[in-house]
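Make a model of the complete structure from these sequences and hints.
Position one of the sequence shown corresponds to residue -13 (my numbering), numbered consecutively onward.
It should be emphasised that the hints constitute simulated quantities derived from the structure, not laboratory data.
All residues carry an ideal CB built from backbone N, CA and C; glycine is no exception.
Be careful, since some hints might not be right.
[Stated by the list, open to error] Heads up, simulated PhoX-like pairs for lysine-lysine below, C-alpha to C-alpha not over 25 Å straight-line:
hint, residue 1, residue 2
1, K(-10), K2
2, K4, K(-10)
3, K23, K4
4, K64, K51
5, K9, K23
6, K9, K(-2)
7, K12, K(-3)
8, K12, K23
9, K51, K39
10, K12, K2
11, K51, K70
12, K9, K(-3)
13, K78, K64
[Said to hold, decoys possible] Derived DEER-like restraints, expressed as beta-carbon distance ranges:
hint, residue 1, residue 2, range
14, K78, L58, 24 to 32 Å
15, A72, A47, 50 to 58 Å
16, M26, A53, 37 to 45 Å
17, M26, V6, 53 to 61 Å
18, A47, K70, 51 to 59 Å
19, V6, M40, 31 to 39 Å
20, I33, A69, 52 to 60 Å
21, A47, R80, 25 to 33 Å
22, K39, R63, 45 to 53 Å
23, A47, M26, 55 to 63 Å
24, Q97, R63, 49 to 57 Å
25, K78, A47, 29 to 37 Å
26, Q14, T45, 43 to 51 Å
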Amino acid sequence: MVTKSHSSEIKKIEWKRKQVNEKLRKIQQETNEVREKMHMERAAGRIAAEQSKMDFVTTVASYQKQAHEAELQLQARKLAAVAKEAELAKLKERYMQVRTELQELRSTSGQQKTAMPTSNTSEPPPHGPSSTET
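Written out as structure tokens, the structure reads:
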């Protein structure tokens, strides 16, 4: 038979069991919260690492683009210099041709002067360019 003292003992035990169960539930809830927080922190860490990698790749790509642009500018400058040198070479060659022609004309006109004197109207004036020179 259950006596009053047994009944009160049973109530105390049930009350203790409820308290223990409540503490256990709180501990489990806190454990779950900590697990979730750790999971979120790990995910945030992975995201941050991925972002860092992406930033690095973007920076490297930017530097590569700048280097490529600088290389293209250097090549363009070299080509411009080569073109100027070629133009100067052509001008020098043309200058030499005109100089040779002028010397030939002078020597031919000098031979004509000694062979047959002519008037000054067919020769350019001694001090100044003629209308046919460029």
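Exercise. Which hints, by number, does the structure contradict?
Worked result: 3, 11, 15, 17, 18, 19, 21, 22, 23, 25
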